[in-house]
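*Asks:* Each chain, letter by letter, is given below.
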Amino acid sequence: MLKVTISDLNLYYEEFHALKNISLDIEDKEVTALIGPSGCGKSTFLRTINRMNDLIDDVKIEGLVMLEDQDIYNKDVDVAALRRRVGMVFQKPNPFLKSIYENVAYGPRRYGIKAKNQLDEIVERSLKKAAIWEEVEDRLNKPALSLSGGQQQRLCIARALAMEPEVLLMDEPTASLDPIATGRIEELISQLKKDYAIIIVTHSMQQAARISDKTAFFLMGEIVETGKTKEVFTTPKDKRTEDYITGRFG
Amino acid sequence: MGKKFKEKFAFTILALITMCVIIPALFIFSYIIYNGIGTISLEFIFGSPTKGMTEGGIFPAIIGTMSLIVGTIVFALPLGVGTAIYLVEYAKKNVLTKLISLAILNLAGVPSVVYGLFGLGLFVLLLGFGSSILSGSLTLSCLILPIIIKSSEAAIKSVPNIYREASLALGATKWQTIYKIVLPAAMPGIITGAILGIGRAAGETAAILLTVAAFFLPRLPDSIMDQAMVLSYHLYIISSQVPGMPDAIKNGTALVLLGVVGIFFFAATVIRIKYKLANRA
Chain F
346 MLKVTISDLN LYYEEFHALK NISLDIEDKE VTALIGPSGC GKSTFLRTIN RMNDLIDDVK
406 IEGLVMLEDQ DIYNKDVDVA ALRRRVGMVF QKPNPFLKSI YENVAYGPRR YGIKAKNQLD
466 EIVERSLKKA AIWEEVEDRL NKPALSLSGG QQQRLCIARA LAMEPEVLLM DEPTASLDPI
526 ATGRIEELIS QLKKDYAIII VTHSMQQAAR ISDKTAFFLM GEIVETGKTK EVFTTPKDKR
586 TEDYITGRFG
Chain A
1458 MGKKFKEKFA FTILALITMC VIIPALFIFS YIIYNGIGTI SLEFIFGSPT KGMTEGGIFP
1518 AIIGTMSLIV GTIVFALPLG VGTAIYLVEY AKKNVLTKLI SLAILNLAGV PSVVYGLFGL
1578 GLFVLLLGFG SSILSGSLTL SCLILPIIIK SSEAAIKSVP NIYREASLAL GATKWQTIYK
1638 IVLPAAMPGI ITGAILGIGR AAGETAAILL TVAAFFLPRL PDSIMDQAMV LSYHLYIISS
1698 QVPGMPDAIK NGTALVLLGV VGIFFFAATV IRIKYKLANR A
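Protein chains in written order, with our numbering: chain F, 346 to 595; chain A, 1458 to 1738.
I should point out that these hints are in silico values taken from the structure, not numbers from a laboratory. Hints are not guaranteed to be accurate.
[Unchecked claim] Residues of chain A placed beyond 12 Å of chain F at every Cβ, according to the derived structure:
(1) Leu1559
(2) Val1570
(3) Thr1630
[As the list claims (entries may be wrong)] Facing chain F, from chain A, some residues (calculated, C-beta under 8 Å):
(4) Tyr1620
(5) Gly1628
(6) Gln1633
(7) Ile1635
(8) Leu1640
(9) Ala1642
(10) Met1644
(11) Gly1646
(12) Pro1703
(13) Asp1704
(14) Asn1736
No residue lacks a Cβ here, since even glycine has one placed at the ideal position from N, Cα and C.
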């Protein structure tokens, strides 16, 4: 089932044409990896799907981004409501300066959930889904910053899951983590894709190959090639894709 | 000259400069404490001045100063923090915003007697608040607003953007993000600004001279619309306007003023630490 459909998307920062005619279909319950060299626009593209680019002045966006049957750039769209449906995990773990519990409960609280037992339930369920419950269940009121980097990142995933999103955007979620923590996050992503459409930006081609079902290769603001990850990596159609994945540039 | 020597040299110079700042301050403190401590008694603190202020206590002035500090913070803190939030989070970064920022900075350099005249014109006369604690508090608020705004601005700016993004990405509104994430994280810095403001307001004489301070009023003010004696102004009077004033009373009054400011500093510091701990939790 198609979850997100992007067609003819163009994005300009003032004069700079950062995304050029991007069209991409995101399947539900699959991992879509966005790969490409630094500055190719993959993070910018990711941020068009939950409208995080709205925060930057002088950005102009053309084209269509459909979340199921909703045009998310329609002027009647409630951006806060959209972001509850499209969760995001950032490159650097960024838990709030609050307790583990309050980090996870933050989203639901803003959404208007106040009942303690309801919040307890959401916190436990989200932490379990993010595979960190066992490590934190006896210290939920401890500062989130007392966790290791990898744990913090899983906490951030739990925090995003607490909103019960449909799509999960991940912007290089393992870029600042060691190999063991990275392994755990990758394992988690493979679990999560049973329930969510996941779009992940990654610098690591091995990571894309390991965890994604589909891959889109970005270069200079364009999608050069997109397809099943296996095919993109074994039989790339475009010479530039081949050069990139064989490590000839990037 | 070796690198090590250069570093040692620079360090020594900096240490000396620091000493030049700290030693006079310490000297003043010790001088006031040494000479004033003998005057401090229950009667001095809780009594009213008698015999042309040469005897008795200074309770009305203590209450006057405390009311002014509280009044000033009540007006200046919300207004200053609100302005800082607007400037950092909402205002477009253009020439107008820069001009406003510059104007605020310049306000910090305006002599306090000018604020006094402004307060006299606006609050005392035009708005008809008369010479009162209300007029004095509002005037002092204007005086310390630049300090509060600038320090709040710096504190809010120093909250990393990744927290704002995380909150917004969870579907929080901009105001929720500011209120729940940015302000608590910025609070220690904001309170530091408030502490500086309190110190400034408590010691101020020129700005309150025309807006609230009574020369001699040996009773407690009965409302915020009443005039009041104020420690700083009282100290000025007994040091320069009343002949034959015993030194002990001057030093005692100075010590009490320090003490009152100290109490507010202490309270603010407790709140500051509370927020710091909460930010870690």
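*Asks:* Next step is simple, just say for each hint if it's right about the structure.
*Replies:* Structure-based check of each hint:
1. Against chain F, the non-interface label of Leu1559(A) holds: every CB pair exceeds 12 Å, the least being about 21 Å.
2. No Cβ of chain F comes within 12 Å of the Cβ of Val1570(A); the nearest lies about 42 Å off, and the non-interface call holds.
3. Under the 12 Å C-beta cut-off, the non-interface status given to Thr1630(A) relative to chain F is violated; the minimum distance is some 5 Å.
4. Hint on Tyr1620(A) holds. Least Cβ distance to chain F is approximately 6 Å, under the 8 Å limit.
5. Given the 8 Å rule on beta carbons, the hint for Gly1628(A) holds: about 4 Å separates it from the nearest Cβ of chain F.
6. Interface hint status for Gln1633(A): upheld, as the beta-carbon distance to the closest one in chain F is roughly 5 Å, under 8 Å.
7. With a least beta-carbon distance of about 12 Å to chain F, the hint placing Ile1635(A) at the interface is violated under the 8 Å criterion.
8. This hint is violated: Leu1640(A) has a C-beta 12 Å from the nearest C-beta of chain F, more than the 8 Å allowed.
9. Hint status for Ala1642(A) relative to chain F: holds, with the closest Cβ pair at about 6 Å, below 8 Å.
10. For the restraint placing Met1644(A) at the interface with chain F, the shortest Cβ-Cβ distance is roughly 11 Å, beyond the 8 Å limit, so the hint is violated.
11. Annotation: interface hint on Gly1646(A) violated; nearest CB of chain F at approximately 13 Å, more than 8 Å.
12. At about 53 Å, the closest approach between the beta carbon of Pro1703(A) and any beta carbon in chain F exceeds 8 Å, and the interface hint on this residue is violated.
13. Given hint, Asp1704(A) at the interface with chain F, is violated; its Cβ is 51 Å from that chain's nearest Cβ, farther than 8 Å.
14. Among the interface hints, the one on Asn1736(A) holds; its C-beta lies about 4 Å from the nearest C-beta in chain F, closer than the 8 Å criterion.
Consistency note: the structure conflicts with the earlier hints numbered 3, 7, 8, 10, 11, 12 and 13.
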